[in-house]
Amino acid sequence: MSLTLILFVTLASFLQVGALPVLFPDPWSVPLLPVALVAAWSVNRSCDEVWIALLPAAVLPGIVSTQRSGWFLMALLPVALIGEVVTQTIAGEQRGLRWRLPATASVAGLGTLSYLLLLAIVGRDLHSLSEAIPTIVGATLETSAIAVVLTPLLQPRRRRHGLFT
Amino acid sequence: MAINRSAAWFSALLLSAVLLLGVSAFAPVGRVESQARNIIAPLVSGIQNAVRPLSNVIFHAGQVRELSEENSALRLEVESLQAELGTFREQRTAVDAAATLLGASSLAPDQLIAAHVLLRDPAPGQSSLLVARGSDDGVATGQPALGAGGTLVGVVTNVEETRSWVRLISDSNSSISVVVQSSRIPGALEGAEDNLTLEFVEREANVAVGDVVITSALGGRLPPGLLAGRVASVESQPQDIHARIIVEPLSALRTIEQVLIVTGFLPGLDTDIIKGTP
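Residue numbers (this note's numbering), protein chains in the order written: chain A, 987 to 1151; chain B, 268 to 545.
Okay, chain B solo, but in the shape it has when bound (with noise of 0.2 angstroms):
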């Protein structure tokens, strides 16, 4: 009898499973699920900032005095670069005029868009994140965000009125067009757990440890130029027709908590928006 009731609930969940799939691709439903994520997002990123102080305290127990160390050290770096600073401002504002000048394009700000990553994709093995900017933004399929320093992240994949899922570099569907910088050679750059891979680059080919990787505009799906990692190993074996190569990324994918969205670019029409395009 017991058996009976379970092979029941059993056949109505798994025939919910599929109705729920074979609903989920209607844009209704696309609708609801939307409202319930603008409702529930708040809740699981207040959740998050809650829980991260916490997280804190256990990644950096029993760091203190390297921290302090750390801080002092820091806090003499920032006096040193806050005074550079100052002589950058000036040689900028030259540059600047001398670009307008000339008419050269470049990633100015107003082609950036900041937005919060207000979680996590909790589906084991997808690495996206869903930021709090949408169409209603501007963010567009396609566009890049970026990390500190510039650096590529990831690329929105879906867009909804405020906000957006961006796919990390790092994820395992993630394949982006790139070259490495100091010897242009092109290859494919692909999400691998921790870290990238660079597939398709010969064996012989000039990469070394420690080589930059660029986006290229091979496709036009990104800009050119976009700092995406660093070489961080190369190994081949004779019988080998590509290298091994892995790309460390230049930012912490794993606790970036917030991205800047290339708004200005729209994929497949613009190419020349970053200067000293490959």
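Just chain A, same shape as in the assembly (with noise of 0.2 angstroms):
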């Protein structure tokens, strides 16, 4: 299932880098796809699967930017990490979409907020960052809903067990 992942991650990221400007001219607002489809992937599938995927994402803004891939690297890194984190905190307790939107949107915002954060620092632009506060919150909260929306589409298909299965 990584490699669907890739997939995903890999068109996410030329969606991002190609369509998603051009919609919003505003660099510090527009939704990040990739992080939206790790954040999503790794509550509602396996955390295990998205650390891979985070090279695609990483690169492809790298090759198509002033800024290094490692920074892009570096900057998803969070968004795994918080997965992680989020669903070991929670494991075993109910994992129902009831459990799974709050916490796909929590890992997204907070993905896409550390992600902005660490790129704003190493392109030293922390002063635009100051300014930009109600846009990136903006940024963020699409991001969430775009995970959110994504949730119930990344829900593992169960096996039902049948009378005679």
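Hints are computed from structural coordinates only; laboratory data are not their basis.
Glycine included, C-beta positions come from ideal geometry on N, C-alpha and C.
This list has only true hints and no planted wrong ones.
Example chain A residues on the side facing chain B (calculated, C-beta under 8 angstroms, incomplete):
#	residue
1	Phe1000
2	Ala1005
3	Trp1014
4	Leu1040
5	Val1050
6	Leu1063
Computed footprint of chain A on chain B, listed as stretches where at least three residues anywhere in the stretch have a Cβ under 8 angstroms from a Cβ of chain A:
#	segment
7	296 to 308
8	312 to 320
9	380 to 390
10	394 to 407
Each chain sits in its own coordinate frame; assemble them with the hints.
Rendered as structure tokens:
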């Protein structure tokens, strides 16, 4: 399933660098599709599978940016880490959709904030960051909303045990 | 067990990130990255072109009537401007002849090269454009990039064979030596999100809203006399040493699709590329 996620993340990264800058002219207001996907996958599928998918999510923007791929990879690491922490902390308790939705939204939101903060620090752009706080809050909510929408789609199909199986 | 596995993944990826940062300084890696960019940039540009009509619909939804009226007004304006253009062409011919006689230098068409914007830097907070011209076309680091009406939109910061990065004047790392055209007061034009700020101008300085800001020859980093922006607001408190001056760029930096690069300018060498230098 990692391969599927890698494919989805690569497609999401292409949309992130290609389509979203046209639809969201303010660079701070762009929702982060790979972050939403990684967050939703880590909560609803498997935390183990998301780590390797961070590589294409980091390399593609790194290639088409003045910022290095290594920084993008570092900025994405907290997303998987937060996903792991949230899933492990509340593992064994209620794991229904009622739990998954807020958990996914939290991972995506915190992941977006850490991603933007780290890239602002390495880009020495903290001044713009402070001015763009309302926009960043918007981008965080958008990313969380996308992750929440993905949640039902990513819920694993469970084998139904019938009478003769 | 799962925590150990995740810790191993985290460590491995952190190490990979550090390695990526380390090796990116080496020229062969830069060449590989450049080749990859040559493959990916057209794809990304294709996606942008496909999405642009959708963005136009989204941003202009509900404005069909206004746009229609604006279109009619613009058609009338175009007709009258075409008539004026004929007159100006005649006058331009006379001015060119006079300039040749005087031996004055000006921003000639052969000193400019048009470059399509391939993509925008996706890193948040970075206002840079990848354009489809490079060192093969005579582009060099430090050359200014102009937008509509010949206004300054950015400076070339990194050049590859067929592509270049242009850092927009709105980038937070951008700082340009300028003067206020009417009062000749010098300052530094710095990038700040949507607008620009004019720094190091004294509180009592004669700067008013609407004043035009142009590039200065100070430092020899840019040709003097390029239009850079217009003063949008001037504020100061009695305790301030410097005024807080907001400058609006004269081009729509967020939607720019093509730039003109002044290939005739070599930073540090040419300072008289444009007539009327300050």
